[in-house]
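Undergrad: Each chain is listed here by its residues.
Protein chains: 2
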Amino acid sequence: MGGLKSWARYGFLLVGHLLALGLGAAVFQALEGPPARQLQAQLRAELATFQAEFGACLPPNTLEGLLDAVLAAQTHGVSSLGNSSEAKNWDLPSALLFTAGVLTTTGYGNTAPLSWGGKVFCLVYAALGLPASLAVVAVLRHHLLPVLSRPGAWAAARWQLAPARAALLQATGLGLLVGGIFMLLPAVLLWQLQGGGSLLGAIYFCFDSLSTVGFEELLPGRGRNLNPVIYHLGQLALLGYMLLGLLAMLLTVETFVELPQVRALVGFFVPSSPPIAEDQGGIVGQDELALRTVSSSSSMSCTAPPAAPAREQAPAC
Amino acid sequence: MGGLKSWARYGFLLVGHLLALGLGAAVFQALEGPPARQLQAQLRAELATFQAEFGACLPPNTLEGLLDAVLAAQTHGVSSLGNSSEAKNWDLPSALLFTAGVLTTTGYGNTAPLSWGGKVFCLVYAALGLPASLAVVAVLRHHLLPVLSRPGAWAAARWQLAPARAALLQATGLGLLVGGIFMLLPAVLLWQLQGGGSLLGAIYFCFDSLSTVGFEELLPGRGRNLNPVIYHLGQLALLGYMLLGLLAMLLTVETFVELPQVRALVGFFVPSSPPIAEDQGGIVGQDELALRTVSSSSSMSCTAPPAAPAREQAPAC
Numbered sequence: 001m002g003g004l005k006s007w008a009r010y011g012f013l014l015v016g017h018l019l020a021l022g023l024g025a026a027v028f029q030a031l032e033g034p035p036a037r038q039l040q041a042q043l044r045a046e047l048a049t050f051q052a053e054f055g056a057c058l059p060p061n062t063l064e065g066l067l068d069a070v071l072a073a074q075t076h077g078v079s080s081l082g083n084s085s086e087a088k089n090w091d092l093p094s095a096l097l098f099t100a101g102v103l104t105t106t107g108y109g110n111t112a113p114l115s116w117g118g119k120v121f122c123l124v125y126a127a128l129g130l131p132a133s134l135a136v137v138a139v140l141r142h143h144l145l146p147v148l149s150r151p152g153a154w155a156a157a158r159w160q161l162a163p164a165r166a167a168l169l170q171a172t173g174l175g176l177l178v179g180g181i182f183m184l185l186p187a188v189l190l191w192q193l194q195g196g197g198s199l200l201g202a203i204y205f206c207f208d209s210l211s212t213v214g215f216e217e218l219l220p221g222r223g224r225n226l227n228p229v230i231y232h233l234g235q236l237a238l239l240g241y242m243l244l245g246l247l248a249m250l251l252t253v254e255t256f257v258e259l260p261q262v263r264a265l266v267g268f269f270v271p272s273s274p275p276i277a278e279d280q281g282g283i284v285g286q287d288e289l290a291l292r293t294v295s296s297s298s299s300m301s302c303t304a305p306p307a308a309p310a311r312e313q314a315p316a317c
Numbered sequence: 001m002g003g004l005k006s007w008a009r010y011g012f013l014l015v016g017h018l019l020a021l022g023l024g025a026a027v028f029q030a031l032e033g034p035p036a037r038q039l040q041a042q043l044r045a046e047l048a049t050f051q052a053e054f055g056a057c058l059p060p061n062t063l064e065g066l067l068d069a070v071l072a073a074q075t076h077g078v079s080s081l082g083n084s085s086e087a088k089n090w091d092l093p094s095a096l097l098f099t100a101g102v103l104t105t106t107g108y109g110n111t112a113p114l115s116w117g118g119k120v121f122c123l124v125y126a127a128l129g130l131p132a133s134l135a136v137v138a139v140l141r142h143h144l145l146p147v148l149s150r151p152g153a154w155a156a157a158r159w160q161l162a163p164a165r166a167a168l169l170q171a172t173g174l175g176l177l178v179g180g181i182f183m184l185l186p187a188v189l190l191w192q193l194q195g196g197g198s199l200l201g202a203i204y205f206c207f208d209s210l211s212t213v214g215f216e217e218l219l220p221g222r223g224r225n226l227n228p229v230i231y232h233l234g235q236l237a238l239l240g241y242m243l244l245g246l247l248a249m250l251l252t253v254e255t256f257v258e259l260p261q262v263r264a265l266v267g268f269f270v271p272s273s274p275p276i277a278e279d280q281g282g283i284v285g286q287d288e289l290a291l292r293t294v295s296s297s298s299s300m301s302c303t304a305p306p307a308a309p310a311r312e313q314a315p316a317c
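In the order they appear, the protein sequences are chains A and B.
Once you know that position 250 of the first sequence is 250 in full-length UniProt numbering, the rest is easy, because the numbers rise by one and skip nothing.
Once you know that position 249 of the second sequence is 249 in full-length UniProt numbering, the rest is easy, because the numbers rise by one and skip nothing.
By construction, these hints were calculated from the structure, which means they are not laboratory data.
Glycine is no exception: its CB is placed at the ideal position from the N, C-alpha and C atoms.
Errors might be hidden in some of the hints.
[Said to hold, decoys possible] Sample of chain B residues at the chain A side, in silico, Cβ under 10 Å:
(1) L21
(2) A36
(3) L71
(4) D91
(5) C122
(6) A132
(7) R158
(8) Q192
(9) G197
(10) I203
(11) N227
(12) V229
(13) H232
(14) L233
(15) L243
(16) G245
[As the list claims (entries may be wrong)] The following label-pair restraints were derived from C-beta to C-beta distances:
(17) R9/B to W7/A: 30 to 36 Å
(18) W154/A to P131/B: 24 to 30 Å
(19) A52/B to R44/A: 25 to 31 Å
(20) I181/A to R165/B: 16 to 22 Å
(21) G16/A to G117/B: 37 to 43 Å
(22) L176/A to A72/B: 34 to 40 Å
[Claimed, not checked] To spell it out: a stretch of chain B is covered by chain A in this simulated footprint if at least three of its residues, at any positions, have a beta carbon under 8 Å from a beta carbon of chain A; those stretches are:
(23) 61-70
(24) 175-187
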């Protein structure tokens, strides 16, 4: 495959990705624009009605000033409504949820740190904590993957499947299992706990949390009328869900990423070049250098290069 | 190293991680609790003053009703204040930023989709788009890593550095470069553009975006008084910053993750076990199975197992 062809494919991939970004934006615009305008119109109408009915009593900018204060407070998670106890915002379960939100990069809206100390600590904590979390996930992966591999190995042996097909089957099975346990089941539970409402909304919240996009802040806002014990139990349940669910997601993603089919797809867009450098990452083959100094006979790395197509390659060992 | 010892280490790692979560929560609580309570007290005072002065004019729950509506609208990015044009919320630059926020899982607060169509599309788009983005990053990585490897290789050759040391030097250099270009420089620019304000705040915003935690929504909210052209340019600049900056972050993280020192650290917590299964990921050694069928002489995978310590291992090829 010529150099030009692969660069062309690479270019198409990037352009395609940017197009997909643009198209997604257009679809969101089409779906969300009208409801947003409608909500805005409604809000304007309410404000206008309020002003019309009671504007006489109020000095010119008093209401705006109050609204300003109330809205600003909300962006820091401080509520103006109800009898929310003063301690609720940063009681330990809430603080744990916030911290987990930082570590998992979910970052639910509405609770950005207020104080400079909080912002600096958030920076430092994330800078140290995110790599540490990645390391923990890597360790957990080493422990769990052999366990997760067994069903696939059993299927491969039992039905004489090609390794690639068995791998795909296993990855898909894992995906469905994780989706069922961490997306559908919690969504149904949440739906029931909310006493009806919308199942789709519950599914959306679960996906939003697990993908770490983190738009919706379900519990902290709407739980103000709940029994405090139940509210805290709910927070701890959410915390456990975030940590376990995210771990499950990462393991599933890794399993898919290492499928020969996925590697082939990625390899399709990569110009043919010696696998050695990319394979070892970082500096040109630390391991390769080690190999060179120790064994002069071996001239090619024995790892199956990720860039190679999915045909079972017999490494030249 | 005995089986018990490594499980103990593994246990310590997990417990240590959970302790770090708890300690982080306690620190955030200590730093943020008082300011939040103070803000809440301020807000209560404002509401009380308002009620005291003008409460006579207003029927019992009118103000609460209005505040409710206003606050709810804000969580969907609809503003009650100023002369924000109706179209601004989901004009194309805003929609692009939102979509990029989904794809990068940054998820800035305050703009959760309103409509059911929007939520469903968000779900589907993220489910398809996130893996696609990972694939694109993998491809970009294949292209960029050889380029990024050259300084390290040069340094290794020039100063006769051990491969591991050169790799660490290179990774650190890359980290500093990325930090400078994508954190410090934009923060300073942002700081100047804001006309003073806080440099720390600007740095915090940059880190918040790049780590995809996504608490602060700098531009969309505060830009309402800006010239529309400048506002849109700012949005597009933010978009480019998010995409490029995140790519740079991911590449840097990958470079660090593949350092022998990091592998050693991870390997410290993994029980000693045959490297074959874990190494190939997914199903027990697709490549291993291939090896078995093709070459019966080779009894051990030739890859340098990630679980091994950082001593230059000579694989038994």
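Undergrad: Please go over all the hints and tell whether each is borne out by the structure.
TA: To see whether the hints hold, each was checked on the structure:
1. L21: holds (6 Å)
2. A36: The hint holds - A36/B has a Cβ within 10 Å of chain A, the shortest such distance being about 5 Å.
3. L71: holds (6 Å)
4. D91: holds (8 Å)
5. C122: This interface hint holds because 7 Å falls under the 10 Å limit.
6. A132: Given a least distance of 7 Å, the restraint on A132/B holds.
7. R158: Since the shortest Cβ distance to chain A is 13 Å, the answer is violated.
8. Q192: Cβ of Q192/B sits 19 Å from chain A, so the hint is violated.
9. G197: violated (13 Å)
10. I203: holds (7 Å)
11. N227: Where the cut-off is 10 Å and the nearest Cβ of chain A is about 21 Å from N227/B, the hint is violated.
12. V229: violated (19 Å)
13. H232: violated (13 Å)
14. L233: Violated, because the Cβ-Cβ distance from L233/B to chain A comes to roughly 17 Å (cut-off 10 Å).
15. L243: holds (8 Å)
16. G245: violated (14 Å)
17. R9/B to W7/A: 30 to 36 Å: violated (47 Å)
18. W154/A to P131/B: 24 to 30 Å: About 27 Å separates the Cβ atoms of W154/A and P131/B, which means 24 to 30 Å holds.
19. A52/B to R44/A: 25 to 31 Å: holds (28 Å)
20. I181/A to R165/B: 16 to 22 Å: violated (44 Å)
21. G16/A to G117/B: 37 to 43 Å: Since the Cβ atoms of G16/A and G117/B sit about 24 Å apart, the hinted range of 37 to 43 Å is violated.
22. L176/A to A72/B: 34 to 40 Å: holds (36 Å)
23. 61-70: Since 7 is at least three, the answer is holds.
24. 175-187: violated (count 0)
Going down the numbered hints, you'll see the structure goes against 7, 8, 9, 11, 12, 13, 14, 16, 17, 20, 21 and 24, while the others check out.
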